[in-house]
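Engineer: Sequence:
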Amino acid sequence: MKIKFTKDLRGRILNQDIVLTNITLEEAIQRLKNLGYDITKLSAYAKRVCDSYKLNRILGKLRDVDEEKSKILIRENILNLYGDDIGDNCLNVYLVAYCVNKYPELSVISAVKKFFEEEEIRKAPHQIRTIVTTGLSDGVFLNIIEPNGKVIDVSFINKWTYVRLDNVFNEIILRTEDDVVNRNRFLIYDNIIKEKIDFQTNVEEGIIKQQKKTRLVYEIKGTNEKIALKYLKKRLDLEFSIKYANRNCVMRELFSIIENISCLGEFTIFRFDFKNFFESVDARKIYDNYIEDTNLKRFEKNLLKQLTELYNYCYAGLPTSNAFVEIIASRFDLILKSKFRDKGLCFYARYVDDGILVFNEFVEKKYIQELLDETIEEVFNMPRVRLNMSKTCYLTKCDGDSKFDYLGYQFVKNGRGNKTSFQFGIADSKIEKYQNKIDCIFKAYIKDNNIELLRHRLLYFISRSVFYTNTNSRFSSLGKWDVNGVIENYCLLRKYMKNTRKLIPNTKVFLRNSIHDKCLRNGLSGKRKPYFLRGDGAQIYSIAHGLEKNKTIIFHPNIGWDAEYLKAQILKLDSSIDLRKKSYRELSKIYYHILEL
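Residue numbers are given in UniProt numbering: position 333 of the sequence shown equals residue 333, and the series is strictly consecutive.
Hints in this document: simulated from the structure, not taken from any laboratory.
Note that the coordinates shown come from a computational prediction; the quantities given were computed from them, not determined experimentally.
Errors might be hidden in some of the hints.
What the hints assert, rightly or not - Cut-off 30 Å, straight-line C-alpha distance, at most; resulting in silico cross-link-like pairs (DSBU-like, lysine-lysine): (1) K233 <-> K213; (2) K234 <-> K305; (3) K366 <-> K213; (4) K230 <-> K582; (5) K518 <-> K551; (6) K397 <-> K502; (7) K582 <-> K567; (8) K194 <-> K213; (9) K230 <-> K305; (10) K339 <-> K275; (11) K194 <-> K297; (12) K433 <-> K419; (13) K403 <-> K391.
As the list claims (entries may be wrong) - Have a look at the derived ranges for each label pair, beta carbon to beta carbon: (14) G560 <-> G400: 21 to 29 Å; (15) E219 <-> V19: 20 to 28 Å; (16) E26 <-> H126: 17 to 25 Å; (17) N15 <-> H126: 16 to 24 Å; (18) E219 <-> N289: 22 to 30 Å; (19) N276 <-> N450: 39 to 47 Å; (20) Q369 <-> T500: 30 to 38 Å.
Glycine included, C-beta positions come from ideal geometry on N, C-alpha and C.
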């Protein structure tokens, strides 16, 4: 059987510093036996050896067995250790076997010495002798290796070396891009499958303010809990084949329909919204009615049940809340569409708690509301789940001028009957949010007088920022593109930039003049106006220009800003930053944090 050695032993790296203890495992056990298995009476060095193998976990069993069975117990216990739980003496056994296997032509001491030399770790001759002595002695005592360091029990070494991680879990770990989390992945996975997750202590309640209202949000503090919740969410996604709505896809289809809807003899549009949706959906009912009888593993179900008993509703901040809501809401979608199938329903979409219905005939408002309420009662059967009537919008072809917002866009209906037409734009609340951001940018400039920083902030604001998120190449090549920015969020308005009669006037003014207007309102006129905003610059540094030209900053060394260019931009903004040995991803983060307000 071939041995699969690795320098990463269950999250404990072989080239980590080793604290030397010149006492063997056999000697420590003998002293422990002489003291009636009272670890507290051991010397500090003997305690360190016992802790290295975590003998305290099997102390009761060791007391009642002979030496050979005690070796079996210790070997079994070793296979339950991960990360920092693998102490230095225990690691020495594996290190010796690893070095002898890697350099078979050398003696044990020479092999270990060469390993440290190649890893550029300085070890004195007496330190190497101590590592070899304890590693060989303990390995021979446990019947793992021979006195020359060669492996006796290949099966044990392979079990020790190779721990099969669930593919879903492994993907979650890789996407954290965190060396510490990656190193402790085996211990984290072991804690999850053994249900050693504390959702009560390591999850904290918080309140955030959003648009003049407060929301209850939970923050996950513990690493184990963060990974466990992400893992459980992904497992639910797979088990229930959850497909989360894509905003751009939804809006692209809606735009296509609204652009041509005036050609219909009749039409009805009904936009609705669930009130406090996440805080209204009963997580316990979803577990009982949907999750309990699935093919999820027992430990997964137990953790989910524990979570729902602690947190009754699908609160924001808990990754599983998104999956819980979609499990039941997808059933709502199916039933609602079936109820309207004979009423000319030509488009339906729900993006989390925001829904819209478009009919190719006239449908009474009361009838739509009644069927919505009926479906909510039938599917959710939860008293807190209801429509937010203040955000409900109903319009037909026969109605006069009206408007509605959906997913940040605004649609304005002009005229009625055969003279109906639509204009498109950005919702007023979103325009206000972006104007506040622009205002903050200029106020920061007035305070720091850093004109280059102002230019970069405005350039970034009017551009699409494209990041390639790639997990650490040492572990995986997984990656994805993240695209952000106001012109990305409202990219569907680009086609109206040349023929602006289809743009809502308020949106047109915002796109063309918002930056220039905020500049003036902050007292930056005449000679005080930044040089790049004078003359044609007023239009070049406008959201309209960025949107029309699809202005993009790509953070990728091969197809966007290369590393040297990115460094140059950073140093323009802050020449004191040391950029030596920084990865491209680290450079991107530095640039982003400099711009951040």
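Engineer: Indicate, hint by hint, whether the structure satisfies it.
Structural biologist: Here is how each hint holds up against the structure:
At most 30 Å may separate the alpha-carbon atoms for a hinted pair to count; K233 and K213 meet this at roughly 28 Å. With a C-alpha separation of about 16 Å, the suggested pairing of K234 with K305 holds against the 30 Å cut-off. Taking the CA atoms of K366 and K213, the gap is near 29 Å; set against the 30 Å cutoff, the hint holds. Taking the CA atoms of K230 and K582, the gap is near 29 Å; set against the 30 Å cutoff, the hint holds.
The hinted pair formed by K518 and K551 meets the criterion: a straight-line CA distance of about 21 Å does not exceed 30 Å. Under the criterion of a C-alpha separation no larger than 30 Å, the hint pairing K397 with K502 is consistent with the structure, at around 18 Å. Between K582 and K567 the CA atoms are separated by roughly 10 Å; this keeps the pair inside 30 Å, and the hint holds. Proximity of K194 to K213 is assessed by CA-CA distance (about 40 Å); at most 30 Å being required, the pair is judged violated.
As the CA atoms of K230 and K305 are separated by approximately 15 Å, the hinted pair is consistent with the 30 Å bound. Between K339 and K275 the alpha-carbon distance is near 22 Å, which keeps this suggested pair within the 30 Å criterion. Taken as a hint, the K194 and K297 pair is honoured in the structure, with Cα atoms around 12 Å apart against an allowance of 30 Å. Distance check on the hinted pair: K433 and K419 sit about 34 Å apart at the alpha-carbon level, beyond 30 Å; violated.
For a cut-off of 30 Å, the pair hint linking K403 to K391 stands: about 12 Å separates their Cα positions. Range check, G560 to G400: about 48 Å between beta-carbon atoms, so the 21 to 29 Å window is missed. Roughly 35 Å separates the CB atoms of E219 and V19, a value that falls outside the hinted 20 to 28 Å. Checked against the hint of 17 to 25 Å, the C-beta distance between E26 and H126 comes to roughly 21 Å, which is consistent with it.
Taken as a hint, the range 16 to 24 Å holds for the pair N15 and H126, whose Cβ atoms sit roughly 19 Å apart. A beta carbon spacing of about 28 Å between E219 and N289 agrees with the range 22 to 30 Å that was offered as a hint. In this structure, N276 and N450 meet the distance hint of 39 to 47 Å, their C-beta atoms being roughly 42 Å apart. The hinted window of 30 to 38 Å between Q369 and T500 holds, with their beta carbons roughly 36 Å apart.
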